[in-house]
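So the sequence lines, in the order shown, correspond to chains A and B. In terms of the numbering used here, the first sequence is numbered consecutively and its last residue is 925. In terms of the numbering used here, the second sequence is numbered consecutively and its last residue is 902.
Derived from the structure by calculation, the hints contain no laboratory data. Cβ atoms here follow ideal geometry from the backbone N, Cα and C, with glycine treated the same way. Be aware that a few hints might be false.
[To be verified] Using C-beta positions, here's what the derived DEER-type ranges look like:
#1 A:737 <-> B:664: 40 to 48 angstroms
#2 B:546 <-> A:717: 35 to 43 angstroms
#3 B:552 <-> A:737: 19 to 27 angstroms
#4 A:744 <-> B:591: 23 to 31 angstroms
#5 B:632 <-> A:785: 46 to 54 angstroms
#6 B:553 <-> A:750: 27 to 35 angstroms
#7 A:747 <-> B:542: 51 to 59 angstroms
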Amino acid sequence: MSLSLTAADRAAIVVSLELAAVTTLILLVLGTPLAWWLARTRSRWRTPVEALTALPLVLPPTVLGFYLLVILGPRGPVGGFWEGIGGDRIVFSFPGLVIGSVLYSLPFVVQPLQNAFTSVGRRPLEVAATLRASPLDRFFSVAVPLARPGFLTATGLAFAHTLGEFGVVLMVGGNIPGRTQVVSIAIYDHVEALEYGAAHTLAAAMLVFSFLVLLAMYALNRSFEAPRL
Amino acid sequence: MSPPVRARLRLARPGFVLDVDLEIPGLGVTGLFGPSGAGKTTILRAMAGVERVDEARLKVAEETWDDTPAGLHLPPHRRRVGYVFQEPSLFPHLDARRNIAYGHRRTPDAERRISVEEAVEWLGVGPLLDRRPDALSGGERQRIAIARALVTSPRLLLLDEPISALDRESRAAIVPYLERLPGHLSIPIVYVSHSLRDIARLADHLVWLVDGRVRASGECGEIVARIGRAGGIPEDPVAVLEATVSRHEETDHLTVLDGPWGPILVRRLDREPGSRLRLQILASDVSLGARREEDTSILNQFPMRVESVGEPGPGEVLVELREPAGDGPPLLARVSARSARELALERGAPIVARVKAVAVLE
Numbered sequence: 697m698s699l700s701l702t703a704a705d706r707a708a709i710v711v712s713l714e715l716a717a718v719t720t721l722i723l724l725v726l727g728t729p730l731a732w733w734l735a736r737t738r739s740r741w742r743t744p745v746e747a748l749t750a751l752p753l754v755l756p757p758t759v760l761g762f763y764l765l766v767i768l769g770p771r772g773p774v775g776g777f778w779e780g781i782g783g784d785r786i787v788f789s790f791p792g793l794v795i796g797s798v799l800y801s802l803p804f805v806v807q808p809l810q811n812a813f814t815s816v817g818r819r820p821l822e823v824a825a826t827l828r829a830s831p832l833d834r835f836f837s838v839a840v841p842l843a844r845p846g847f848l849t850a851t852g853l854a855f856a857h858t859l860g861e862f863g864v865v866l867m868v869g870g871n872i873p874g875r876t877q878v879v880s881i882a883i884y885d886h887v888e889a890l891e892y893g894a895a896h897t898l899a900a901a902m903l904v905f906s907f908l909v910l911l912a913m914y915a916l917n918r919s920f921e922a923p924r925l
Numbered sequence: 541m542s543p544p545v546r547a548r549l550r551l552a553r554p555g556f557v558l559d560v561d562l563e564i565p566g567l568g569v570t571g572l573f574g575p576s577g578a579g580k581t582t583i584l585r586a587m588a589g590v591e592r593v594d595e596a597r598l599k600v601a602e603e604t605w606d607d608t609p610a611g612l613h614l615p616p617h618r619r620r621v622g623y624v625f626q627e628p629s630l631f632p633h634l635d636a637r638r639n640i641a642y643g644h645r646r647t648p649d650a651e652r653r654i655s656v657e658e659a660v661e662w663l664g665v666g667p668l669l670d671r672r673p674d675a676l677s678g679g680e681r682q683r684i685a686i687a688r689a690l691v692t693s694p695r696l697l698l699l700d701e702p703i704s705a706l707d708r709e710s711r712a713a714i715v716p717y718l719e720r721l722p723g724h725l726s727i728p729i730v731y732v733s734h735s736l737r738d739i740a741r742l743a744d745h746l747v748w749l750v751d752g753r754v755r756a757s758g759e760c761g762e763i764v765a766r767i768g769r770a771g772g773i774p775e776d777p778v779a780v781l782e783a784t785v786s787r788h789e790e791t792d793h794l795t796v797l798d799g800p801w802g803p804i805l806v807r808r809l810d811r812e813p814g815s816r817l818r819l820q821i822l823a824s825d826v827s828l829g830a831r832r833e834e835d836t837s838i839l840n841q842f843p844m845r846v847e848s849v850g851e852p853g854p855g856e857v858l859v860e861l862r863e864p865a866g867d868g869p870p871l872l873a874r875v876s877a878r879s880a881r882e883l884a885l886e887r888g889a890p891i892v893a894r895v896k897a898v899a900v901l902e
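Modelling step: build the complete structure from the supplied sequences, incorporating the hints.
The structure is reproduced here in structure tokens:
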């Protein structure tokens with residue numbers, strides 16, 4: 697078993713880490729308002745939106761990947777429009793991977809955040825309102841700090857889950873070494889080529905790394921545990 | 541002194557209707573008393589703006605906070621209101637100092653009337669400032685919460701049963717702070733409680749709510765007596781009165797108070813002559829006699845006349861007494877139906893009230 701990594705393997709690790717970082721960042725920005733809305737709204741749209749958000753949990757990644765390919769491809773409605781106004785091709789590119797990953801990991805961010813916001817409750821926000829905090833002010837000064845465990849879980853899960861995806865990335869990203877080839881696909885390629893040693897190195901690294909991410913997340917959450925209102 | 545607060549609030553929900561028109565004096569403590577579900581908390585929440593009602597008109601210190609017909613609803617963070625919730629709702633992620641600073645930081649300089657130092661001193665929370673909420677007792681947390689509300693320099697202070705969630709010891713520790721509070725403030729304070737004894741300690745003016753409507757409102761002693769006469773509350777009816785310390789009789793270890801019906805003797809109080817006190821007399825501590833008794837252990841006897849005779853329970857009657865001249869607060873006596881018959885108690889009859897115990901509240 698060889699512990700040395702080929703240039704392509706190293707590139708795959710870089711792509712994986714970049715993809716996970718960018719995806720997590722985008723998901724926190726998009727998922728936070730969505731989770732806040734889901735936690736507070738009494739709208740009849742809440743339930744359908746909740747179900748839609750949870751879809752990636754149950755769909756085979758290939759279904760999501762397939763439809764993304766159809767929509768984002770050069771002849772798809774979005775991809776066609778984008779390329780028509782001079783944009784670069786989305787599918788088989790890093791931005792395409794990001795779009796696919798954001799959708800695929802959405803529930804892993806929205807659900808912990810929604811639970812955290814729900815458990816904050818209305819009372820601390822009402823208190824803040826009577827202490828002259830505007831809605832945006834109370835969101836950042838009260839809701840976000842009190843929902844900190846939720847943010848930690850969401851960040852950890854989004855990052856680890858994006859690292860671990862395979863199907864969507866394969867469908868939308870192709871498998872272009874150095875550009876869209878991620879670790880999970882590189883492992884698959886090694887196995888296909890019967891390079892078990894190389895597969896082993898990457899697989900073990902992935903296993904240990906993912907474990908460490910989750911370990912850090914749970915340990916931090918434990919240390920933040922504080923009595924609630 | 542601020543002008544009175546006018547609050548007209550209406551709300552209809554399945555099983556609950558609120559329809560009140562309140563005038564709250566611009567100074568002192570107005571109690572909102574009523575059983576659970578009478579609408580007390582809804583009124584406070586509507587006044588604070590954290591709950592919308594169907595129709596609200598609210599004017600505080602010349603400022604309109606709500607006028608539903610005109611489409612006006614000031615959001616809570618634009619109202620200069622202090623709200624202390626029933627359960628001490630400190631922000632768990634901030635220590636006591638930062639909890640207090642939270643509202644102060646958000647109050648513009650020009651609107652600041654109460655400094656953090658003052659509020660900290662009034663509530664006696666100086667030694668607690670570096671603690672996290674989870675290291676404070678319930679009573680301490682509530683004192684921090686009151687200080688936190690005060691430093692926003694509110695024009696109206698709303699206290700929603702601030703001591704009802706506390707154990708007996710914490711209550712006893714916080715009540716003196718609450719009693720001194722009105723002396724520091726020149727704004728109206730609304731105090732909600734379902735405990736007549738709590739409210740009688742603090743309120744100058746009392747609003748009695750039943751099923752979302754005002755049953756009676758007026759001077760505290762009068763309304764407390766009226767609530768007692770109506771019965772139906774778990775507590776013993778009580779009379780509330782004000783008195784002034786007159787002098788001390790050191791040999792007998794007694795203090796003489798100037799009360800509304802003449803001198804009142806109580807156990808030696810550590811108060812200067814001239815200081816004002818609030819007293820409570822339970823109806824069950826008052827017995828009645830045809831004339832003044834000389835050979836008795838009872839210190840306080842007042843010549844009164846019968847104002848009304850009601851029925852609080854089987855075999856018992858509740859007698860409302862007034863001094864013969866007719867002014868002054870009412871005194872309530874709970875006596876057996878037989879005694880009432882034998883004493884021929886009827887409206888206008890002269891009678892001597894013998895008071896077994898007087899509770900000094902402040």
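Checked hints:
1. In this structure the supplied range 40 to 48 angstroms holds for residue 737 of chain A paired with residue 664 of chain B, their Cβ-Cβ distance being about 43 angstroms.
2. For residue 546 of chain B and residue 717 of chain A, the hinted distance range of 35 to 43 angstroms is not satisfied, since their beta carbons lie about 58 angstroms from each other.
3. In this structure the supplied range 19 to 27 angstroms holds for residue 552 of chain B paired with residue 737 of chain A, their Cβ-Cβ distance being about 24 angstroms.
4. Between residue 744 of chain A and residue 591 of chain B the C-beta distance comes to about 28 angstroms, which sits within the given range of 23 to 31 angstroms.
5. Hint check: residue 632 of chain B to residue 785 of chain A, Cβ distance near 50 angstroms, so the stated range 46 to 54 angstroms holds.
6. Distance hint check: the CB atoms of residue 553 of chain B and residue 750 of chain A are about 33 angstroms apart, consistent with the given range 27 to 35 angstroms.
7. Our hint of 51 to 59 angstroms for residue 747 of chain A and residue 542 of chain B holds, since their Cβ atoms are close to 53 angstroms apart.
Checked against the numbered hints given earlier, the structure breaks only hint 2 and satisfies all the rest.
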